[in-house]
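A.B. asks: Sequence:
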Amino acid sequence: MGVLSAPSRLSADAVRLCAAMFLSPVLLLLPIVNIIQAIARKTRIRVATRSPSIVSLGFSQVTDFKPKKWPKQARSRASFAAILEGAARLLARRGYETLTTNRIAEEAGVGIATLYEFFPNKEAIVAELTSRLMAKVEANMEEAFAEAVGQEPWPAVAHMISRAVGSMVEDRDVFRVLLRQVPFVPQLPVVMETRAALAALSQRVRIRAAGALDLPMPEEDAWLISEMLYNAILEVAFRDVGEKKRAELTTELARLTYRMAVGCDPESS
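At position 113 of the sequence shown (counting the first as 1) the number is 596 in the working numbering, and the numbers step up by one without a gap.
Simulated from the structure, these hints should not be mistaken for laboratory data. Among the hints, erroneous ones may be present.
[To be verified] Simulated pairs of lysine-lysine, BS3-like, Cα-Cα distance not exceeding 25 Å:
#, residue 1, residue 2
1, 552, 619
2, 552, 605
3, 605, 555
4, 619, 549
5, 619, 555
6, 549, 605
7, 619, 605
8, 619, 551
9, 605, 551
Given the sequences, and given the hints that come with them, work out the whole structure.
C.D. replies: Shown next, in the form of structure tokens:
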């Protein structure tokens, strides 16, 4: 990798493009498709490719991932939120395999009829929960982007990495289950749309950097960098360590990220 002369400040475009390729925590919600497909083949789950809103299971059950209706009144909104919060608590405590609509209703403190008034099945609840968690993380990173614009490169990278890890830590027990146990998460429309958008941005970053970074295999190297960061951010966020140790790991990850992106240590730039 060639050594770059680091810019004195990061522009808004630079921050967003770099974050899209390296740092966006939304990417953390996109497990590797090949692994998911391999799991699907082994467990006889056929993932629908024509419509991202359904998953066709081996016993011909079609799953609908959309809520049946949206709440309009304050009371119904409270019930809707309680269902999602109850599902999140159960996922964090017991995982996905034991999740049922009856358990969700009991945990949420609502009747099963109320649950089915809004959701057709547990998959729709998990899908809506995933969508809301992604929106929450994305909002956190939007703040980080705004704060990073105009900063010197090293503080900007360190800040964005810290916010990315922090966003995952906040709901890490739920994210851990969504990422590692729920097979249909990569097929959700919101995830597929985000993946397509990030793929396009990654290509733009790769093209822009082609003249500055001496990458032997630009496309493959860009993918490898993003995969390394994908796994590293997850491990830092999910690891059962104290906050002091997590902060140290986060700083070290930011330093390594900066070195990959700029070609030198922060102290040398």
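A.B. asks: Going through the earlier hints one by one, which of them does the structure break, listed in rising order?
C.D. replies: No numbers; nothing is violated.
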